[in-house]
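Peer 1: All chains should be built: construct the whole structure from the sequences, respecting the hints.
There are 2 protein chains.
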Amino acid sequence: MNKKSVLSILALAPAVASHSYAESPGNNAGNQTDNRPNIILFMVDDMGWQDTSLPFWNQQTKYNRLYETPNMERLAKQGMMFTQAYANSISSPSRCSLMTGTNAARHRVTNWTLQKDKPTDRKSNLLETPEWNYNGISQVPGTNNTFVGTSFVQILKDNGYHTIHCGKAHFGSIDTPGEDPHHWGFEVNIAGHAAGGLASYLGEQNYGHDKNGNPISLMSVPGLEKYWGTDTFVTEALTQEAIKALDKAKKYNQPFYLYMAHYAIHVPLDKDMRFYDKYKKKGMTDHEAAYASLIEGMDKSLGDLMDWLEKNGEADNTIIIFMSDNGGLAAEPYWRDGQIHTQNYPLNSGKGSLYEGGIREPMIVSWKGTVTPGSRCNNYLLIEDFYPTILEMAGVRKYKTIQPIDGVSFMPLLTQTGNPSKGRNLYWNMPNNWGNDGPGINFNCAVRSGDWKLIYYYADGKKELFNIPEDIGEQHDLSQQHPDIVKRLSKQLGNYLRKVDAQRPIQKATGKPCLWPDE
Amino acid sequence: MNKKSVLSILALAPAVASHSYAESPGNNAGNQTDNRPNIILFMVDDMGWQDTSLPFWNQQTKYNRLYETPNMERLAKQGMMFTQAYANSISSPSRCSLMTGTNAARHRVTNWTLQKDKPTDRKSNLLETPEWNYNGISQVPGTNNTFVGTSFVQILKDNGYHTIHCGKAHFGSIDTPGEDPHHWGFEVNIAGHAAGGLASYLGEQNYGHDKNGNPISLMSVPGLEKYWGTDTFVTEALTQEAIKALDKAKKYNQPFYLYMAHYAIHVPLDKDMRFYDKYKKKGMTDHEAAYASLIEGMDKSLGDLMDWLEKNGEADNTIIIFMSDNGGLAAEPYWRDGQIHTQNYPLNSGKGSLYEGGIREPMIVSWKGTVTPGSRCNNYLLIEDFYPTILEMAGVRKYKTIQPIDGVSFMPLLTQTGNPSKGRNLYWNMPNNWGNDGPGINFNCAVRSGDWKLIYYYADGKKELFNIPEDIGEQHDLSQQHPDIVKRLSKQLGNYLRKVDAQRPIQKATGKPCLWPDE
Numbered sequence: 001m002n003k004k005s006v007l008s009i010l011a012l013a014p015a016v017a018s019h020s021y022a023e024s025p026g027n028n029a030g031n032q033t034d035n036r037p038n039i040i041l042f043m044v045d046d047m048g049w050q051d052t053s054l055p056f057w058n059q060q061t062k063y064n065r066l067y068e069t070p071n072m073e074r075l076a077k078q079g080m081m082f083t084q085a086y087a088n089s090i091s092s093p094s095r096c097s098l099m100t101g102t103n104a105a106r107h108r109v110t111n112w113t114l115q116k117d118k119p120t121d122r123k124s125n126l127l128e129t130p131e132w133n134y135n136g137i138s139q140v141p142g143t144n145n146t147f148v149g150t151s152f153v154q155i156l157k158d159n160g161y162h163t164i165h166c167g168k169a170h171f172g173s174i175d176t177p178g179e180d181p182h183h184w185g186f187e188v189n190i191a192g193h194a195a196g197g198l199a200s201y202l203g204e205q206n207y208g209h210d211k212n213g214n215p216i217s218l219m220s221v222p223g224l225e226k227y228w229g230t231d232t233f234v235t236e237a238l239t240q241e242a243i244k245a246l247d248k249a250k251k252y253n254q255p256f257y258l259y260m261a262h263y264a265i266h267v268p269l270d271k272d273m274r275f276y277d278k279y280k281k282k283g284m285t286d287h288e289a290a291y292a293s294l295i296e297g298m299d300k301s302l303g304d305l306m307d308w309l310e311k312n313g314e315a316d317n318t319i320i321i322f323m324s325d326n327g328g329l330a331a332e333p334y335w336r337d338g339q340i341h342t343q344n345y346p347l348n349s350g351k352g353s354l355y356e357g358g359i360r361e362p363m364i365v366s367w368k369g370t371v372t373p374g375s376r377c378n379n380y381l382l383i384e385d386f387y388p389t390i391l392e393m394a395g396v397r398k399y400k401t402i403q404p405i406d407g408v409s410f411m412p413l414l415t416q417t418g419n420p421s422k423g424r425n426l427y428w429n430m431p432n433n434w435g436n437d438g439p440g441i442n443f444n445c446a447v448r449s450g451d452w453k454l455i456y457y458y459a460d461g462k463k464e465l466f467n468i469p470e471d472i473g474e475q476h477d478l479s480q481q482h483p484d485i486v487k488r489l490s491k492q493l494g495n496y497l498r499k500v501d502a503q504r505p506i507q508k509a510t511g512k513p514c515l516w517p518d519e
Numbered sequence: 001m002n003k004k005s006v007l008s009i010l011a012l013a014p015a016v017a018s019h020s021y022a023e024s025p026g027n028n029a030g031n032q033t034d035n036r037p038n039i040i041l042f043m044v045d046d047m048g049w050q051d052t053s054l055p056f057w058n059q060q061t062k063y064n065r066l067y068e069t070p071n072m073e074r075l076a077k078q079g080m081m082f083t084q085a086y087a088n089s090i091s092s093p094s095r096c097s098l099m100t101g102t103n104a105a106r107h108r109v110t111n112w113t114l115q116k117d118k119p120t121d122r123k124s125n126l127l128e129t130p131e132w133n134y135n136g137i138s139q140v141p142g143t144n145n146t147f148v149g150t151s152f153v154q155i156l157k158d159n160g161y162h163t164i165h166c167g168k169a170h171f172g173s174i175d176t177p178g179e180d181p182h183h184w185g186f187e188v189n190i191a192g193h194a195a196g197g198l199a200s201y202l203g204e205q206n207y208g209h210d211k212n213g214n215p216i217s218l219m220s221v222p223g224l225e226k227y228w229g230t231d232t233f234v235t236e237a238l239t240q241e242a243i244k245a246l247d248k249a250k251k252y253n254q255p256f257y258l259y260m261a262h263y264a265i266h267v268p269l270d271k272d273m274r275f276y277d278k279y280k281k282k283g284m285t286d287h288e289a290a291y292a293s294l295i296e297g298m299d300k301s302l303g304d305l306m307d308w309l310e311k312n313g314e315a316d317n318t319i320i321i322f323m324s325d326n327g328g329l330a331a332e333p334y335w336r337d338g339q340i341h342t343q344n345y346p347l348n349s350g351k352g353s354l355y356e357g358g359i360r361e362p363m364i365v366s367w368k369g370t371v372t373p374g375s376r377c378n379n380y381l382l383i384e385d386f387y388p389t390i391l392e393m394a395g396v397r398k399y400k401t402i403q404p405i406d407g408v409s410f411m412p413l414l415t416q417t418g419n420p421s422k423g424r425n426l427y428w429n430m431p432n433n434w435g436n437d438g439p440g441i442n443f444n445c446a447v448r449s450g451d452w453k454l455i456y457y458y459a460d461g462k463k464e465l466f467n468i469p470e471d472i473g474e475q476h477d478l479s480q481q482h483p484d485i486v487k488r489l490s491k492q493l494g495n496y497l498r499k500v501d502a503q504r505p506i507q508k509a510t511g512k513p514c515l516w517p518d519e
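For the record, the sequence lines run as chains A and B. Numbering of the first sequence is given in this note's numbering, commencing with residue 1 and proceeding in unit increments. Numbering of the second sequence is given in this note's numbering, commencing with residue 1 and proceeding in unit increments.
Accuracy of the hints is not assured; some may be wrong.
The list cannot tell twin chains apart, which means a pair is met if one copy fits it or any two copies do.
Below are the DSSO-like pairs computed for lysine-lysine, each with C-alpha atoms no more than 30 Å apart in a straight line [said to hold, decoys possible]:
id, residue 1, residue 2
1, Lys-62, Lys-491
2, Lys-251, Lys-116
3, Lys-118, Lys-251
4, Lys-400, Lys-499
5, Lys-282, Lys-118
6, Lys-400, Lys-250
7, Lys-244, Lys-211
8, Lys-278, Lys-508
9, Lys-226, Lys-244
10, Lys-499, Lys-118
No lab work stands behind these hints, which were simulated from the structure alone.
Peer 2: The structure is reproduced here in structure tokens:
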């Protein structure tokens with residue numbers, strides 16, 4: 001960044017002459033109720049579209065019959081299910097898009113982050129990854145390989161919301177300003193830090209700390225010491241702490257924003273013993289029963305929060321948004337049993353893939369009086385859309401950001417007053433090597449345009465074209481049949497990537513960047 | 001507060017149209033060094049003007065010879081001593097003025113705060129205290145009996161400073177939004193909460209927690225669990241934690257603001273055994289030797305921070321401000337040995353009093369290249385002046401606040417380029433009953449105007465006039481000799497108090513407010 005850019009960032013906060021003030025509140029700030037809605041964003045980690053008893057497809061699948069998520073069903077009865085809600089294919093890109101409202105192609109945190117200046121890409125023989133933003137995102141300049149942006153949480157906080165972070169953060173690498181949720185506008189931080197995973201779900205294992213209290217890994221969960229040595233599963237510990245924070249929030253007489261960002265259902269697939277036996281009795285393998293127990297433990301947390309809202313008279317004035325950050329893990333045979341890449345059926349592949357299995361998420365929004373109970377929306381949206389939507393939900397109409405906002409508010413979908421998806425393309429870019437192989441995984445980019453989806457592979461220039469409503473499993477590449485559509489979407493994808501200054505892998509053989517999809 | 005006022009506060013943060021942004025930082029936020037100075041505000045609790053080996057008077061006193069504060073001497077050699085730096089007479093008014101830049105007469109937190117909706121005033125036979133802001137201060141509206149203001153820390157944070165709170169906060173009552181430093185723009189909070197004191201200095205006593213980890217009082221120090229059961233004095237624990245936070249700050253490549261707000265030297269006078277024996281050998285009583293050990297422990301912390309700056313190459317670019325929040329405790333015979341009210345000699349009285357012993361503080365500022373080493377400033381200033389000064393130090397020239405700012409920057413004093421004290425009056429208002437009796441304590445107000453100081457007692461209308469430079473001990477009331485000055489200052493004091501909507505006690509006999517000083 002140049003000097004001018006640094007200065008313009010620094011100049012953002014102050015807007016008028018010294019010592020200007022709005023009005024003296026005098027001695028009595030009053031205790032009037034602030035009627036703006038509370039907002040809970042319930043974000044699950046690595047949860048696939050089918051990892052629930054709630055059918056997001058047009059028919060019930062075997063996974064819907066296997067998993068038990070009664071509270072997701074309860075939430076769906078109150079609100080709107082989104083059947084085409086998209087994220088990125090892995091965690092960091094999604095969470096950075098969420099926090100900054102920008103597309104991953106623009107923010108360039110296109111693989112997962114952990115340690116400062118240590119890219120996490122697996123080596124590839126053919127391609128070199130570009131200098132992506134492996135230090136993640138930050139609200140302040142000063143760190144290399146970092147995208148700088150204003151978070152919507154900061155804006156909510158500046159507008160009088162009490163802001164609570166609970167669980168997984170994963171915004172910036174260790175020792176960068178983005179690592180700590182407190183640097184993002186969160187007033188409360190429960191157990192969030194740089195890591196995108198966890199060493200252990202188990203209180204008996206001190207969530208990844210030895211008996212002297214020292215972390216055994218960079219993914220040891222911080223801040224839950226009071227549960228160490230107990231049988232409290234981390235999902236439960238986070239829920240109990242979140243509820244304490246809500247009890248406190250209620251006393252503050254402010255609307256609250258709770259980012260309930262579960263570490264579940266990320267590996268390691270520890271067994272949530274409250275639910276494990278039930279799934280074993282269904283005949284599931286150890287790993288798959290553990291996976292199911294993680295899902296139901298997460299679902300219980302959702303129910304506990306809904307119960308709190310009801311008991312505390314806040315249910316009618318609280319928006320709940322349920323979401324996951326990428327598709328279900330399907331590429332790691334160590335963790336998943338059965339044939340790999342099938343665990344998100346009917347979707348193809350899973351986490352890390354630009355096939356639907358990697359990016360399509362179970363999403364629900366409930367908002368009494370605004371969202372029709374038991375409704376369903378089949379229009380598509382993308383994770384960065386949460387940014388302007390949540391600010392609109394909070395009534396924040398004007399705000400300044402350092403970065404441009406790519407997201408589009410989906411409020412018209414919630415109120416059924418319009419369709420912002422119409423005529424809009426969605427874009428993904430993954431010029432990286434995640435670390436697993438599989439269908440649609442690594443070194444590619446994609447565009448969704450109406451019913452069509454084009455995937456372009458940087459390594460060999462291969463293109464695939466799918467009609468998503470007709471072929472949700474992406475089994476039939478129609479690129480040969482529709483060269484005109486391939487050409488049009490390639491052009492749009494190329495134009496978009498260049499416009500947002502996206503990155504491409506480099507061909508090792510030539511040292512040159514791979515071609516754009518329309519080159 | 002009326003609806004309009006709430007809305008105007010809420011409208012502060014957003015300033016321009018939706019989605020406006022300054023400039024895209026692109027993918028590389030750079031790692032240029034931000035050359036703005038770091039700022040450490042080293043705030044001691046209840047430290048008197050003479051509780052140091054550094055002579056702030058025009059001669060050395062017995063206290064200067066008794067106490068040992070080599071690091072304050074070291075700091076004074078690098079910077080400027082202020083001999084007439086004022087605060088309020090007790091903690092909450094001072095700290096609320098510091099955080100909001102407003103005079104205590106305006107913010108109305110005129111006694112100490114702790115529990116929500118529980119005023120701490122001792123009952124008086126004659127006077128009723130007004131409905132003061134016993135819930136403290138907050139950045140957001142919604143709580144009764146609370147002054148709402150924007151903190152300079154929030155503004156520093158919004159301008160890219162990394163902000164660290166360490167030690168005593170004492171901004172808002174328990175269960176109000178002001179209780180948590182994270183709600184004030186601090187990104188890091190070490191051991192700060194609603195309480196203005198501490199249950200114990202001792203690691204052996206878990207800083208006031210029982211063996212099960214439960215707090216034994218509302219003043220148990222939070223967040224230092226890792227030192228429990230060790231012999232680490234809380235002053236040392238805070239210092240070690242602050243240094244860890246500075247290590248981290250250095251990695252962030254941001255300028256930092258560290259509010260090093262020691263719990264020392266507030267009661268209970270636990271013995272800091274690193275220094276206690278030395279003072280016993282000087283022949284001091286147990287209490288007085290403990291008091292001295294608290295002072296030297298605090299001084300060691302100052303030295304440790306200065307050492308850190310030197311070792312880390314930050315000494316030349318870091319401003320250190322040393323200050324206390326009110327006068328030394330002299331009114332409690334349980335804690336202080338010898339004749340009470342004399343422990344701030346040559347000043348009269350101590351904490352809680354509007355005599356100099358209650359409000360004059362040891363203050364030092366070092367700033368390489370800006371402040372002349374070993375210099376001394378005899379102009380007066382007041383605690384709320386820190387607000388605009390620190391923002392000016394940080395180069396923040398334009399900022400918005402909810403509240404008017406009463407403080408005046410003392411930058412011209414530091415640079416010896418002007419005298420903002422000239423022609424300026426300072427004001428105090430204490431319409432409360434602190435809890436101890438003594439000279440100049442409770443139910444009074446005062447004005448300092450040039451050499452003169454007028455104190456007005458609400459209960460009986462008594463007025464005292466002192467020439468401070470000639471009578472620093474306030475032993476000679478000159479009100480009879482100078483009725484013209486009394487009249488002029490009474491008028492100025494009355495005008496000021498009415499202008500800022502200050503409060504007065506109520507006469508129980510009549511139910512009417514006490515008279516203004518000029519009535």
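Peer 1: Evaluate each hint against the coordinates.
Peer 2: Consistency of the hints with the structure:
1. In the homo-oligomer, the alpha carbons of Lys-62 and Lys-491 never lie at most 30 Å apart, since the shortest distance is 39 Å inside one protomer and 85 Å across protomers.
2. Taking the shortest alpha-carbon separations for Lys-251 and Lys-116, only the inter-copy value of 10 Å comes in at or below 30 Å, while the best intra-copy value is 39 Å.
3. In the homo-oligomer, the alpha carbons of Lys-118 and Lys-251 lie at most 30 Å apart only across protomers (15 Å), although the nearest pairing inside one protomer, at 43 Å, exceeds that limit.
4. Proximity of Lys-400 to Lys-499 under the C-alpha cut-off of 30 Å is restricted to the intra-copy arrangement: shortest distance 22 Å within a copy versus 36 Å between copies.
5. Taking the shortest Cα distances, Lys-282 and Lys-118 never come within 30 Å of each other, neither inside one copy (43 Å) nor across copies (57 Å).
6. In the homo-oligomer, the alpha carbons of Lys-400 and Lys-250 lie at most 30 Å apart both inside one protomer (28 Å) and across protomers (28 Å), since each shortest distance falls under that limit.
7. With identical chains, the CA atoms of Lys-244 and Lys-211 are at most 30 Å apart both within one copy (27 Å) and between copies (23 Å).
8. In this homomeric assembly, Lys-278 and Lys-508 never come within 30 Å of each other (Cα to Cα): the closest approach is 51 Å inside a single copy and 70 Å across copies.
9. Proximity of Lys-226 and Lys-244 under a CA criterion of 30 Å is satisfied in both settings, with 14 Å inside one chain copy and 23 Å between copies.
10. Taking identical chains as interchangeable, the C-alpha atoms of Lys-499 and Lys-118 lie at most 30 Å apart only when both belong to the same chain, with a minimum of 28 Å there against 59 Å between chains.
Taken one by one, the earlier hints fail for this structure at numbers 1, 5, 8, listed in ascending order.
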